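**Q** All chains, please: the whole structure from these sequences, using the hints.
Heads up: the sequence shown begins at 38 in our numbering, then just goes up one per residue.
It should be emphasised that the hints constitute simulated quantities derived from the structure, not laboratory data.
Keep in mind the model is a prediction, meaning the values are calculated, not measured.
Relax, there's no trap hidden among the hints.
Straight-line Cα separation of at most 20 Å, EDC-like style, residue types lysine to aspartate or glutamate; simulated pairs: (1) Lys81 to Asp138; (2) Lys190 to Asp139; (3) Lys81 to Asp45; (4) Lys255 to Asp240; (5) Lys255 to Glu271; (6) Lys81 to Asp153; (7) Lys81 to Glu276; (8) Lys190 to Asp175; (9) Lys266 to Asp299; (10) Lys255 to Asp218; (11) Lys266 to Asp235; (12) Lys81 to Asp230; (13) Lys190 to Glu180; (14) Lys266 to Asp218; (15) Lys81 to Glu294; (16) Lys81 to Glu64; (17) Lys266 to Asp240; (18) Lys266 to Asp230.
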Amino acid sequence: MSQNSIPDFFVYGEPVRPLDVGFLHVETVLARGNIHLGQVAAHKHPQMGQITYWTSGSGTYRIEDRSWDFSAPAVSFVPSTIVHGFSIGPGTDAIVVSVADDALATLAGHSLLPLDQPVFTDALPQHAAWQRLATVLDMIAAEYAEAQAGNDKVLPALIAVALCHIARLAPEATDALGSSDTSLARGLRRLVDAHFRDNWPVDRYVQALATTPHLLDKAARAVLGSGVKRVVGERRLLEAKRLLLFTVRTVEDIAYEIGFDDPAYFSRFFRERTGEAPAAWRRRQLQGHRSLR
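**A** Take a look at the structure:
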């Protein structure tokens, strides 16, 4: 850990650049093996989501402060701005499909998978959806490589199918779909992502979403699992964990970064939710990450 911020990339190892409308990119993990050598450090993509389908081998995949030891087949979907990385053994490979946020937005109505939250699964290895997902991703890779006429229509359709198969393999990710509260809760999550540092009161979120306190709290509890204040607090906690784990910034600096005026109050806030002081949590997490290498 040596950086003061979590790096943003276009694709791994390349600086961020503007994306064309409808941007798609497909490659394998081994195609960049000479860059990452099997150790992809924590990073994020500010403008695109990624499907990563592990076709062979094993490793450890990390999303935010969670990690999974996996053996192929395994798959993840990571939306833009979500911190992720992995460590893999020799011969481990995956197909990586990167899709610009604007293109994902057009697919949302055709996907069973929520496109604003990350998912990772290697469960249900005998499920028929694994073979179907592999077939669809092979088709995506071939269509992308061959660049035939009409692939601007074929590729989005195939990606929507792939997302649906991922949803079938990770049914917990789709539990909230179909709820009348889902749209309101997702609107809340988008606003919290944008304003959790700003100490907005609950009424400000209510006004921005043109709803009532009761309806917003009901939607938050039904879809996100807790009330509005707790949702905001959990988002601040997530950002604190990101900065503690993936940067070398001081606890005091992190407290100010996520909207606390008093670092001591931030430390109490963090301890109440994790059972540890920020510095102790950082030490324990870093020891755990080193043991995974």
